[in-house]
Amino acid sequence: MNEKDDSKDLWVFTEIKDHERVDECALEILGKARDIADKLDQKLVSIVLALDAEQYLSTIKDHGVDKIIYFSHQDLKHYHERIFTKLIHKLVEKYTPSIFLFPSTEAGNALAARVAYKCRTGLVSDVLNLELDDEYGNNLLLTDKPAYGGNIHVKITCPSKRPQMCTITRGTFNKRKIRKSTINIVKEKYEFERNELKIKILGAPTRKDKPSSTLSDAEFVIGGGQGLGSKDNFEKLYDLAKYTKGKLGGTRRPILNGWMPEHLQIGISGESIKPKLYISFGISGAIQHITGITDSNIIISINTDPNASIFKTSDYCIVADANEILNELLEYYKIEE
Amino acid sequence: MLEVYVLIKQVPKSHSLRIDKSSGALIRENIENIINPDDLYALELALTLKESYDAHTVVMTMGPPQAESALREALAMGIDDAVLISDPQFAYSDTLQTTLVIKEAFEYLKRYDLLITGSETSDSSTGQVPYQLSEALDIPLITDIFEYKIEGRNFYCQRNFGHESQNIQVELPIMLRVRRHFNKPRHVPLLGIKKAFEKKIKIIDFNTLNCPDYLDGCNKSPTIVVKTEKFIPKRKNQFIEGTIKEQAEFIKNVMKENGIERQWTGI
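As you go down the protein sequences, you meet chains A and B in turn.
Residues in the first sequence are numbered consecutively from 1, following this note's numbering.
Residues in the second sequence are numbered consecutively from 1, following this note's numbering.
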């Protein structure tokens with residue numbers, strides 16, 4: 001357990017995805033962390049665990065880091081909870097960072113929770129903003145986190161334990177291309193006894209690629225509702241999604257009408273989305289749906305009723321028949337096959 | 001006999017939330033509380049296990065005394081016994097404190113083979129406790145499972161892990177975190193409700209655990225909530241007038257600004 005006085009520097013767990021690329025979210029976090037490091041006059045450090053880790057360092061160097069600490073070993077090809085937790089916990093004890101940020105990915109969330117436990121420190125998950133604050137303590141990290149399905153935002157601090165830890169969702173911050181004139185590279189020695197592993201893998205695992213983009217992490221989402229009027233009209237939304245590389249979702253009504261499968265529901269009993277752009281076609285805006293779309297960056301809505309409640313949650317409101325707008329867009333985006 | 005624990009949480013129904021304007025705190029009186037929706041899949045898995053294996057199922061929660069109603073509901077579904085971890089000193093525990101208290105509770109209870117949890121809670125949605133408890137009890141946490149079977153002290157299953165699908169073998173005790181829609185949670189049978197009210201709920205409090213000082217959630221939680229605000233999304237609410245063509249043109253421009261391009265496939 002680190003007390004705050006001897007801790008310094010800002011760390012970002014720079015995850016390597018599918019042993020082939022640096023996680024985009026981790027690079028976005030480096031962008032924001034650079035600002036905070038400057039304000040604190042502390043170093044920004046990237047933490048990398050991978051097989052052949054050297055191949056990723058040049059990408060990371062372009063994103064504002066002062067230092068990279070890495071492990072490179074065959075055992076680090078995939079995330080492994082025991083190995084990663086142990087190595088990172090030892091690093092934290094050795095260097096005592098003040099702030100440690102993780103991308104909110106399957107591995108990032110798991111690892112952050114485990115490391116926070118090991119360090120007996122606090123962890124705030126899926127933060128929407130990070131600020132430095134003097135109201136509650138000198139240069140304390142003040143995090144903003146949604147709760148109750150996004151209906152409420154809470155501000156959380158971790159006043160006395162270190163590191164102050166957070167996970168951050170993709171799309172929260174922007175990447176910045178900056179290369180520092182001096183970047184310190186430190187390779188740590190890999191040490192782990194394999195007999196500490198408790199889970200036995202039987203046979204060769206099969207590669208199971210997840211869909212490249214699911215509704216919840218899609219950058220462009222198209223939503224449909226009752227206002228489209230018929231299954232045939234709703235089918236056109238699928239076309240628009242296909243031609244624009246967007247993801248299709250919708251409200252409860254199209255599912256009940258048999259227009260759309262259940263797993264595409266957006267809202268409180270379905271998926272929450274956070275795209276750069278969400279366009280809703282013929283959706284009235286029941287609270288069940290609104291809850292799932294509030295994290296969208298820009299929302300455009302099309303509805304015939306100028307008083308539809310969806311417009312209160314929209315950036316751009318278009319009072320029109322969603323089908324007519326849809327036809328216009330399809331005419332433009334349609335790809336002849 | 002397998003000792004199966006299901007860890008659940010009672011949460012407020014999300015549409016009945018109100019905030020006290022002067023203090024900024026959540027109003028907790030007169031709120032309708034429910035079993036956290038994700039935990040229903042965990043309860044269903046325990047009930048299914050009981051049908052195929054010699055298992056004793058226990059539902060456990062940590063919370064204020066009124067969390068008893070969530071436990072009664074689980075008992076009505078068919079869970080055998082219930083444990084309520086409750087003490088004013090556990091109030092305001094953050095995830096780390098919650099983990100430390102549950103760890104002590106399991107050390108006190110001694111026997112456990114399977115601990116089942118849902119994915120995350122609908123109130124704080126951190127999803128941290130399963131991972132932290134796995135670390136605290138030093139037992140593996142298996143997530144995203146499909147087929148499974150138990151033979152003796154071994155648990156076999158197929159799971160998704162990263163971009164792989166793996167067949168694994170792991171020795172009990174373990175933790176399982178059940179994803180949403182893993183199964184179809186059953187309804188509470190009417191007969192079950194009567195039986196549920198006849199059962200005695202085991203209470204674990206600060207004194208039961210002979211608690212070390214660091215388990216005081218009020219004062220020892222590392223994180224502090226300094227402010228709570230009702231979130232009102234700021235939106236432009238700008239109405240786009242014009243003909244259908246002009247309105248569609250506007251949408252195309254916003255799409256273009258966000259990197260959504262027309263994909264030419266040739267002339």
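Derived from the structure by calculation, the hints contain no laboratory data.
As the structure is a prediction and not an experimental result, all values here were calculated from the model.
Do not take every clue at face value.
The calculated label-pair distances, taken between Cβ atoms and stated as ranges, are [stated by the list, open to error]:
1) B:S69 x A:N139: 32 to 38 Å
2) B:F239 x A:N139: 17 to 23 Å
3) B:R180 x A:G203: 23 to 29 Å
Here are the simulated SDA-like pairs of lysine to any residue, each with C-alpha atoms no more than 25 Å apart in a straight line [stated by the list, open to error]:
4) B:K256 x B:N237
5) A:K32 x B:R235
6) B:K256 x A:N151
7) B:K236 x A:K242
8) B:K256 x A:N257
9) A:K242 x B:G259
Every residue gets a Cβ at the ideal spot worked out from N, C-alpha and C, and that includes glycine.
Hint check:
| no. | hint | result |
| --- | --- | --- |
| 1 | B:S69 x A:N139: 32 to 38 Å | 44 Å, violated |
| 2 | B:F239 x A:N139: 17 to 23 Å | 44 Å, violated |
| 3 | B:R180 x A:G203: 23 to 29 Å | 28 Å, holds |
| 4 | B:K256 x B:N237 | 20 Å, holds |
| 5 | A:K32 x B:R235 | 24 Å, holds |
| 6 | B:K256 x A:N151 | 30 Å, violated |
| 7 | B:K236 x A:K242 | 28 Å, violated |
| 8 | B:K256 x A:N257 | 32 Å, violated |
| 9 | A:K242 x B:G259 | 15 Å, holds |
Violated hints, listed in ascending order, are 1, 2, 6, 7 and 8; each of the other numbered hints is respected by the structure.
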